[in-house]
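The chain contents come next:
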Amino acid sequence: MRDPIGTPMLETINVARHFDVSRPLVQRVLAREGRRSLKAVDGISFAIEKGTTLSLVGESGCGKSTVARLVVGLYGPTFGSVIFDGQDLSQARADSSQRRRMQMIFQDPYASLNPRWRVRDIIAEPIRAFGLMKDKAEIGAKVAELLTQVGLSPLDGQKFPHEFSGGQRQRISIARALSSNPEFLVCDEPTSALDVSVQAQILNLMKDLQQRLGLTYLFISHNLAVVRQVSDRVGVMYLGRLVELAPAETLFTTARHPYTRALMEAIPDLEMTGRQRIPVGGEVPSPINPPSGCPFHPRCPLADARCKAERPEMIPARGTPETMVACHAVEEGRDRVGEPLVAAGG
Amino acid sequence: GASAQTVRWAAAGDPNTMDPHSQNVGTVTMVLQQIYDPLIHRNADLSLRPGLALSWTQVEPTRWRFVLRPGVKFHGGEAFTADDVVFSIGRARQPTSNFGIYVDTVQEAVKVDEFTVDVVTRIADPILPNKFASVYMMSKAWSEANGATRPQNTRAREEMHTTRNTNGTGAFRLASRENDVRTVLRRNTEWYGWAEPDSARANVQEIQFRPIASDATRIAALLSGEVDFVLDPPLQDLNRLRAAQNIRVLEGPEVRTIFLAFDVARPELQYSDVRGRNPFADLRVRQALYHAIDIQAIHRTTMRGQSVVTGTFFPPQVNGYSQAEDTRLPYDQARARALLAEAGYPNGFGITLDCPNNRYINDEQICQAVAAMWTRVGVRTSVKAQPLAPFFAQIQRQDTSAYLLGWGVPTLDALYSFQSLLATRNGAQGDGIWNYGGYSNPRMDALVERMKTQSGADRMAAIHEALRIYREDVPHIPLHHQMIPWAMRSNFTIPHAANNQPYFRFARID
Amino acid sequence: MFAFIISRILQALPVMLTVALLSFAMFAYVGDPVAIMLGQDYTVAQRDALVADLGLDQPFFVQFAKFVVNAAQGEFGLSYRLSRPVAQLIVERAPATLELALCAAFLALAIGVPMGVYTGLYRNSWLSRFFLTFSLIGVSLPTFLIGILLILTFSVWLGWLPSFGRGDTVNVGGWSTGLLTWSGLKALILPSITLGLFQLTLIMRLVRAEMMEVLRTDYIKFARARGLTNRAVHFGHALKNTLVPVITITGLQLGAIIAFAIVTETVFQWPGMGLLFIQSVGAADIPVMSAYLLLIALMFVTINLIVDLLYYAVDPRLRIGRGKGAH
Amino acid sequence: MAQMNAIQRALDSDIWYSFTRSPITVASAIVALICVGGAVLAPWIAPHNPFDLASLQLMDAFKPPAWEADGDPNYLLGTDDQGRDVLSAIMYGARVSLLVGFCAVLLSVSIGITAGLAAGYMGGTVDAVLMRIADIKLTFPTILIALLIDGVVRAALPREVHDQIALYVVIFAIGISNWPSFARTVRGSTLVERNKEYVQAARVIGLSRARIMVTHVLPNVLGPVLVIATLNLGFAVLAEATLSFLGVGVPPTQPSLGTLIRIGNDFLFSGEWWITIFPGIALILLVLSVNLLGDWLRDALNPKLR
Amino acid sequence: MTAPLLEVRNLRVEFPTRRGTLVALNDVSFSIAQGEVLGVVGESGAGKSMTGAAIIGLLEPPGRIAGGEILLNGRRIDNLPYSELRKLRGREIGAIFQDPLTTLNPLYTVGAQLIETMVTHLPLNPAQARAKAIEWLELVGIPAASQRIDSYPHEFSGGMRQRVVIALALCAEPKLIVADEPTTALDVSIQAQVIALLKSLAREKGTSMMLVTHDMGVIAETADRVAVMYAGRIVEIGAVRNVVRHASHPYSAGLMGSIPPVGRRLDRMQQIDGSMPRLSAIPPGCAYNPRCPKVFDRCRVERPELMPAGDSLAACWLYAEGAPRHA
Ligand SMILES: Nc1ncnc2c1ncn2[C@@H]1O[C@H](COP(=O)(O)OP(=O)(O)OP(=O)(O)O)[C@@H](O)[C@H]1O
Ligand SMILES: Nc1ncnc2c1ncn2[C@@H]1O[C@H](COP(=O)(O)OP(=O)(O)OP(=O)(O)O)[C@@H](O)[C@H]1O
Ligand SMILES: [Mg+2]
Ligand SMILES: [Mg+2]
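Protein chains in written order, with my numbering: chain Y, 13 to 358; chain G, 9 to 518; chain D, 75 to 401; chain E, -9 to 296; chain L, -3 to 323.
Check each hint, because a few of them may be wrong.
Unchecked claim - Coverage of chain Y stretches by chain E, computed from C-beta distances (three or more under 8 Å per stretch; other residues unrestricted):
no.: 1; region: 21 to 31
no.: 2; region: 83 to 90
no.: 3; region: 154 to 165
no.: 4; region: 185 to 193
no.: 5; region: 240 to 252
What the hints contain is simulated information worked out from the structure, not anything from laboratory work. Fair warning: this is a prediction, and the values are worked out from it, not measured in the lab. Backbone N, C-alpha and C define an ideal beta-carbon position, used for all residues, glycine too.
Let the sequences and hints guide you as you build the complete structure.
This is the structure we're talking about:
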């Protein structure tokens, strides 16, 4: 069951990552318990077309970062596979000419730069690692160019990361990611630590780069407003699974999955000052003991017996076929009853 | 509590057993000789006097007769009789005994009557009484009752009753004992000797012995009044002790001689830069090294006057000593260089001197001083100093080129030294067992054989000839006899003894 | 909890076994017991007999296996030097060392922790600087010199404290303690200071560093923002959070204190295991040495376990398994 | 020109600034410089050569310092029991001590860092095994380790060679006996650092584990190492003295600072205090200044504290 | 309008550093009325947290208040001695920090922390405090509060922890709460819960609040008035509707423009070019002038004070008399 799009830059096929969180052997034996695994990502399939942006949204802990790490190869998949430009990722990672085509921007602008390195060395590191250039002057020129490209001064290369603001640091890590001329960038919540004006700068920069260099992005965020600005397609994750995958505009106008709709409700709205938001009720369940059937059913207003027992598959949604959704209620048409479909704005 | 008549006594080492025939070392006997009596006692000047035997005579060349003192009781109440003597001599001859040298000539001990014992020797042994002054008498009945009929030894792999319990006839009885902490002795009021004139004033009721291994701490304890008597004060602290109020220092020589010995046997030295020959095999080299030593400087500075410079290898207390042979080669650096050049080493050579660093008084310092002196005449010497355990292990493997050794003579007879140190190593009992330099001189061996059997003037002549050879052939470079100062609080009096044994039966505290 | 203890004990086994192997192996080199036991006079035959008696002629691993089997039963044989069962000797000596070690550790903690807190709170006060510098002087002098200087001052000059030994001891259920007599307590003072000085410095510096770290955290700021008193903030909140590393180091150091009491015990003629050990080294008394080392290893393992249990007491985060995905 | 720039930058740097701002640090730097300088230059500036046995005169032994009543102006700080000039002996002895101290600390730091990084970064079995080895090591007193190594070396090598490498044996013994404290510290910090995103960034680039550990993690875990290292320097110097007493290590004719103190210790009660006090002061100054420098450097290298 | 609860006048906060003194806050004045919520927004590093810290007296050294005054209920509190100030904290002014994970002491149960705070400030004995603590936990919406009170912080999820923090800040019933980014660390759904909670509590108890956040949505929902900060100054302050919809100051306008709209997709988001000057290099005149699209000569030389601009106050020469073009 593939995502119906053109030439994918990246494709994941039923990829999963489980973490072994069981206690050490001796204790386990003594306490007579089995292994325990945390299914951080449990079978996810999506594809990203060249030159486009796919966003993943979802609550904290639903597995977004784990997907990002699977995609760049920081974690190996427990099962399933990741295909990068037609090649299996494990092979691509082994090949440095492929490896350089994929880079990542991290969430925390403070932790993602080595505090003891000068900025110019941080940026030049991929160049050196991939042996893209040998000549010192050449590297220096490239670093200066990159710094300028992300809106910093070439002179800033002298400095250490702690001398920069959060936004500037995030630019530095973008410059680092760009230095190996990648074609695919994974951005794991690149702006969540930043204020709106800096966030706007970063997002614009990313868009510019996409336009100029034709970059492909996997963008991760829990901020739906931001996601709307950057994405072509959006995937909604819940407890290690995709529950909805749709073109951005469709999603924001016609969210289908009850969880997506709840998320939309929770977006703070500038225009409606004083309005009471409706939070998603209930607590996030533990990924170690996920609920049976549809993992969202304990919090879902539409849940019925089938939802408790049977796990829904991702299928084109009735009514909006460009949307893939994993929900029995949508499949059965129970979701339209009594609820406005248009989530926000419009 | 420290009553007026309690002596608190400290020394570096603790006796490691209470068995009187097991360990022949000073730290053991210094305590045990208070508890056990031999047949023959020594006076403070080491001369012999009646102990458990009232008299002894060599009735035949190979038979000595001992007449025992009647009416003596062991601390446990058993009466002392000839049976105990026969038993004790037999016990000292057991293989597990460390006191074999004192009974090596004994063939058997025979009970003549209840208070007379004959000792039959294999060969005529003129110095048997000297040896018997170190053989302690035990109760046969008690030993048998406690399964201690042979001396306790580590080889036995078991603990014996005698390791921690005593039953002697001596002036003091063991009251309590904790290894390395405290050993308490109490006066045996029934002891027969208290009436004798030199013990009449003795009044020690209790002896608290505390081992203190660290020199500085031992002295501190004396200075702070925590102990009354220190057997082995470090030399460098004597001046301070002498200057302190209430503290007295007794000085006296010990029967122990410090000397340097060489590997003279190997064709090539192990630890030297000389290739293909052994310089120490050449008499001139040994003489040169002898000449190079400024013994007066060592005496004055390193030993702080607490040594008796010597040219031979046992002191006057030892039977066979000869003043005439006790002369040194003079300190003469020029002569030393000349001799070295003559021997073919105009530029000297390099050697390593092995040295213990916690066995003899200032041993390491002496080695360093000697090394400096030798280096000055061209024999570049490096010192390798180690604690006694590894040091002895090493030299006993003959894994050495030159070493420093100190030699005591418990029998106070010259044979003991000649046999152990200078006889050729031939595997026979006792011959050359401490001759790690491999010195071998047929004439010397012949003389040693004569010493073993002859007596009277012949024997003396043999000893004197051997001493002359020692002086001329320079198998060792003798340095000095050790002095053993004792320090005590001034209200305590005890006669100094050259065997480093405090005789509390002569001691008095005011 | 039980499971935890069991698992720690299982982990400790290989450690103990390796220590046994190493301690056993090293004694092949520290000296020749035969030479020492024989004394001045012996024949070659006597020597060989002794070697055979001691089992020193058997293959290494046979000797080792015997050693381990015996050791597991608390059977270390007879001391070569004292001809007494090693286990008995150790039992006699252990109380002295343990009391000294605990006292030194207590001293190091009782002084080191407050000093560390103070220097952490008032980083730049001259008193802090003084503490920091002065404690360094303490660690840059050899233990034996410190011991002697203390004796010189307090025993010889002032005559206040004894210069050696344990004073009077009382036997309480097989444990001879010096803590219950006046002279025993007095005798404990100088050795504990000597032994504890290095640890004191270490703990002080450690607490200081941790305090400085903890004081920067948000929860301290928040505690202040809640208007808690200084005392509550510094001792209730800050200090308690420094405890985990302090416990670790103190635990490790307690092992070290016991292991390194050797010098202190020698200087003060303290009748503990260290003194026994150093005298055994001098006499190449292998059974005592190996038993001592094994005991130290055992002590270490025990301390590690206690440290881990203390963690549990101090830090609730460790009480549950790693299961809960902390984010 | 470039040099000028470098110097200017160095003088302008925060480290230099924090250095000049702290009088204690400047003082300790000067003291450390004097100690190290005195030691390194000893053969040229020391008034005597105490290691040259031929120049020693026993007659000169126990001379008090020059300012005392029977002092000899030739021997500023007096002489010891062998007639060695105490001042020169301190300078020469410091050479030995510093060599042993620095090399031993360097060795334990290298082993400790390697083990700590590996254990912390790789985790799992590597971690468990390395930390157990550290546990085992911790149960052995340094002295015994040294005896063991010495025994092995002695058994394996002919004695001449052994004598020549005695010093290295000591360095090795002290060095390997101290590594666990470094390993533990480094491991602890590594566990924290390896989860930071800059390490993951490096992994995304595809750098090898070794390279990440060395270039990324290492610089960030060095701070505490520095402090323990400086504390350990004193410890190593003292351990050397104990070992030379046990016959492992440098011969007594070439006494180190620690050996001088140990020898002098015997003369504390007899009034010849200078034999131990002056080397003691030298050692205190050395250890103290190095430690204070270590403290300062740790703070100065931490950008958060600037 | 009644007399304000909090009044800040010309507050100036400085950091003495090696290269001269940094002025982190310069001439900041505002007031908060009883029951009012003042939102504070602005670029990272603008001084928002600093303002909050100055009010509760928790500036991190070497930062210090170098000028101006802070009045609470008409009483000056910026120059109070430490012990006095401490009594105010928690009791009069509560604080909530950004990260719920790090603001709770991990070693104490949430109950202990609540009780400690209440016992410090209110005349309650521990048993009463415990009962109240349970009440508070219920109030902030912790289910089964009487059981959860003995849980440790790590046993709560992020959202619950932040509620505990809120309970802690409120439990001594302060009149003013300084909330520094209380929801930044939370994800959207929980963020909504927390904001709703804060709002309702403030309304019920009549508590005033200073709410620092990056999230304009939160401000819009929660605040009555909003202050916009830039480079250590307040550049605009006014009612939320006015500032959000029709910001007067060009920076505020730029900031509001940068908010990504949820309702539609922009080709390119509006952004302010350049970045805020570092504190050590604040340009003369208006600090915003290098980035300002409407800059004119006066902006480069003279520093504007807050002046009326529409319904708000703005520090911008555009609103002074004689400005070239009116906004
Ligand atoms: N290395 C790991 N070992 C064990 N569990 C892990 C590991 N990494 C992540 N997890 C768990 O996997 C789940 C998903 O984590 P992930 O970091 O992917 O979430 P996320 O969606 O990125 O959340 P956030 O928005 O907070 O960053 C979480 O429950 C987390 O605790
Ligand atoms: N210790 C310090 N030394 C020097 N400057 C400091 C120090 N602490 C903070 N500053 C500066 O003070 C200014 C105000 O910081 P503050 O934390 O108030 O910013 P903020 O507006 O809260 O930013 P954010 O949104 O990132 O939290 C910043 O520019 C910061 O760089
Ligand atoms: Mg994440
Ligand atoms: Mg802030």
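Which hint numbers does the structure go against, in order from smallest to largest? 1, 3, 5
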